Amino acid sequence: MSRYKQTYAEWSTDPERFWMNAASSIDWIKAPETAFDPDMGAYGRWFPDGVCNTCWNAVDRHVAAGNGDRLALVYDSPVTQTVKRYSFHDLQTEIGALAEVLRLNGVDKGDRVIIYMPMVPEAIFSMLACARLGAIHSVVFGGFAAAELATRIEDAKPKVIISASCGIEPNRIVAYKPLLDAAIAMSEDKPEKCIILQRDALTADMIDGQDLDYSTEVGATKGTLPECVPVLATDPAYILYTSGTTGQPKGVVRDTGGHMVAMKWSMEHHYDVKPGEVFWAASDVGWVVGHSYICYAPLLHGCATVVYEGKPVGTPDAGAFWRVIQDHKVVALFTAPTAFRAIRKEDPSGALIDQHDLNHFRTLFLAGERSDPATIEWAQQKLKRPVVDHWWQTETGWPMSGNPVGLGVLPVKPGSPGVPMPGYRIEVLDDEGRQLPAGTLGNIVCKLPLPPSGTPTLWNAEERFHKAYLEDFPGYYATSDAGIVDEDGYVFIMARTDDIINVAGHRLSTGAMEEVIAAHQDIAECAVVGAADALKGQLPIGFFVQNDGASRDPVELERELVSLVREKIGAVAAFKTAMEVERLPKTRSGKVLRGTMQKLADNEAFKMPAAIDDPAILDEISSVLANRGYRKASK
1 MSRYKQTYAE WSTDPERFWM NAASSIDWIK APETAFDPDM GAYGRWFPDG
51 VCNTCWNAVD RHVAAGNGDR LALVYDSPVT QTVKRYSFHD LQTEIGALAE
101 VLRLNGVDKG DRVIIYMPMV PEAIFSMLAC ARLGAIHSVV FGGFAAAELA
151 TRIEDAKPKV IISASCGIEP NRIVAYKPLL DAAIAMSEDK PEKCIILQRD
201 ALTADMIDGQ DLDYSTEVGA TKGTLPECVP VLATDPAYIL YTSGTTGQPK
251 GVVRDTGGHM VAMKWSMEHH YDVKPGEVFW AASDVGWVVG HSYICYAPLL
301 HGCATVVYEG KPVGTPDAGA FWRVIQDHKV VALFTAPTAF RAIRKEDPSG
351 ALIDQHDLNH FRTLFLAGER SDPATIEWAQ QKLKRPVVDH WWQTETGWPM
401 SGNPVGLGVL PVKPGSPGVP MPGYRIEVLD DEGRQLPAGT LGNIVCKLPL
451 PPSGTPTLWN AEERFHKAYL EDFPGYYATS DAGIVDEDGY VFIMARTDDI
501 INVAGHRLST GAMEEVIAAH QDIAECAVVG AADALKGQLP IGFFVQNDGA
551 SRDPVELERE LVSLVREKIG AVAAFKTAME VERLPKTRSG KVLRGTMQKL
601 ADNEAFKMPA AIDDPAILDE ISSVLANRGY RKASK
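FYI, in UniProt numbering the residues of the sequence shown are 1 to 635.
None of these hints come from the bench; they were simulated from the model.
These numbers come from a predicted model, not from an experiment.
Mixed in with the good hints there might be a few duds.
In silico DMTMM-like pairs for lysine to aspartate or glutamate, Cα to Cα no more than 20 Å straight-line [stated by the list, open to error]:
no.: 1; residue 1: Lys576; residue 2: Glu560
no.: 2; residue 1: Lys413; residue 2: Glu427
no.: 3; residue 1: Lys5; residue 2: Asp486
no.: 4; residue 1: Lys467; residue 2: Asp430
no.: 5; residue 1: Lys447; residue 2: Glu16
no.: 6; residue 1: Lys311; residue 2: Asp613
Derived Cβ-Cβ restraints for the label pairs, each shown as a range [claimed, not checked]:
no.: 7; residue 1: Ala182; residue 2: Val83; range: 31 to 37 Å
no.: 8; residue 1: Lys536; residue 2: Glu462; range: 37 to 43 Å
no.: 9; residue 1: Glu377; residue 2: Ala534; range: 20 to 26 Å
no.: 10; residue 1: Val555; residue 2: Asn502; range: 24 to 30 Å
no.: 11; residue 1: Val572; residue 2: Gly629; range: 30 to 36 Å
no.: 12; residue 1: Glu462; residue 2: Val555; range: 33 to 39 Å
no.: 13; residue 1: Glu560; residue 2: Arg434; range: 37 to 43 Å
no.: 14; residue 1: Gln380; residue 2: Lys190; range: 34 to 40 Å
A virtual CB, placed ideally from N, CA and C, is assigned to each residue, including glycine.
When you get a sec, could you build the whole thing from the sequences and use the hints?
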């Protein structure tokens, strides 16, 4: 297994020595003498006596090393037909000016700044300007509803909010400023100032005494470069809110030192990217992927990162990704499987791939939701390059399992996001906490402590942190994912634990059924949820989207899918219903909203998901369910 087995053994034998060695790749103001303190926090803290600054490591040190002219950031916006390139020196200039604006407006070490921005370079400048001052940023996905933004303002209590006049979608302009103003009005805690980036597509109305024009303010401070403020390795770098089961968002805290160490290590050993090369994470800064692999990891490693304001399809077509890879000599792409399902749906033959020069492109990485084997196999066949599925969470900040191509490519098992990464001892337990044999479905957990970058707590919610992650399985971090680990150590994530359904006493994975359905040649994507049944407890029901050009009779296709599931999984699955829909309801990061679909099927009240891409899709799902005898749920 190439160098992976040796590296994993080195970590397992002496985790503290392993991570202290990794920490030597970071510039420290005061290097840590202690790798790990097991008595700090809920399960211990990494590098407790280290002092550092993230902005220095991501930007200034490259300039100081004579690499200021090296490409650092590419902004590619098909929606505005704009391409801009920034060197590390350019980045330092932009970040320094914005940091000075924040400093002049009272932002100090430990203060919070909310960033509510579209995919523009200024979003990255804002994150790093906060890091320069030792301030804690919290990025909220641009366009989030006012009520959702308000809950984050209430929790984080920002001194300043940085936003933009609008975001630009392929077919619409989303005005951000009215949403921001409404959120501030709802919140008892008000920011002292809002810094607004005015965009040509839509100019926002400014409020005297509250709003500052980004370009004017930064223009006045251009040329200034505030010092990088020293912070403890255990000080928070940022807060990232993730949806909670109670409806109240959870503020995942990321520490500073451990985060940098893990990001730097992963770029070389997991993604196999070298300083000076171009890495592209096709995500959004509002999600953890945008934090880890658009902003921080590439820049810490001395790579160029791509900020892409567009979609995999529709800007202008299903060849958009290949054009970006070609134009900017991208060596590795990291995106969600849903992006490739969208591309495959519109270009099932992959004809647009051959129209672009992908000679520099080496590896495709998929994560963010479960990668079905059909999507992986299509990508492998069309790209003729390694397609690496990997699995991680907002709470961990970097891969928990994968195929670490920097340590040598391992055999790919479609449907598995690979093997555990150094830092993670992954086990499968039953509900009583007993370890299950290889190949048995159960609760996926990680032995504590989490490695560097793992969240040490939730913002202002220690008790909730313990209850959500540590209480159910003492000594472990509960991932809330269900799956198996096979005899070779490969992890298979089958579903969220909430998506394991009980059919007449049999625990079944909806993900396994989706895997069968997605393998059908006419299916672009699908979802399976468990609907309440008076006799069997739950029954699986499927939803599917056909490939463009397939035009199959939905009734005939349903019969084929039911037969396939019966053949591959067995009659025990009791799979009898598969309904065609135009689209699946998803978050803006591409995750299918299975929980909401299940509530629709069961006629349960639900809260509109904050991150839903298009709420109108739920009405279509409701109508389809009603036509098949399921009642419409109430919001």
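Hints versus structure:
no.	hint	verdict
1	Lys576 to Glu560	holds, 11 Å
2	Lys413 to Glu427	holds, 19 Å
3	Lys5 to Asp486	holds, 16 Å
4	Lys467 to Asp430	holds, 18 Å
5	Lys447 to Glu16	holds, 15 Å
6	Lys311 to Asp613	holds, 13 Å
7	Ala182 to Val83: 31 to 37 Å	holds, 34 Å
8	Lys536 to Glu462: 37 to 43 Å	holds, 41 Å
9	Glu377 to Ala534: 20 to 26 Å	violated, 39 Å
10	Val555 to Asn502: 24 to 30 Å	holds, 29 Å
11	Val572 to Gly629: 30 to 36 Å	violated, 23 Å
12	Glu462 to Val555: 33 to 39 Å	violated, 54 Å
13	Glu560 to Arg434: 37 to 43 Å	holds, 40 Å
14	Gln380 to Lys190: 34 to 40 Å	violated, 52 Å
Checked against the numbered hints above, the structure violates hints 9, 11, 12, 14; every other hint is satisfied.
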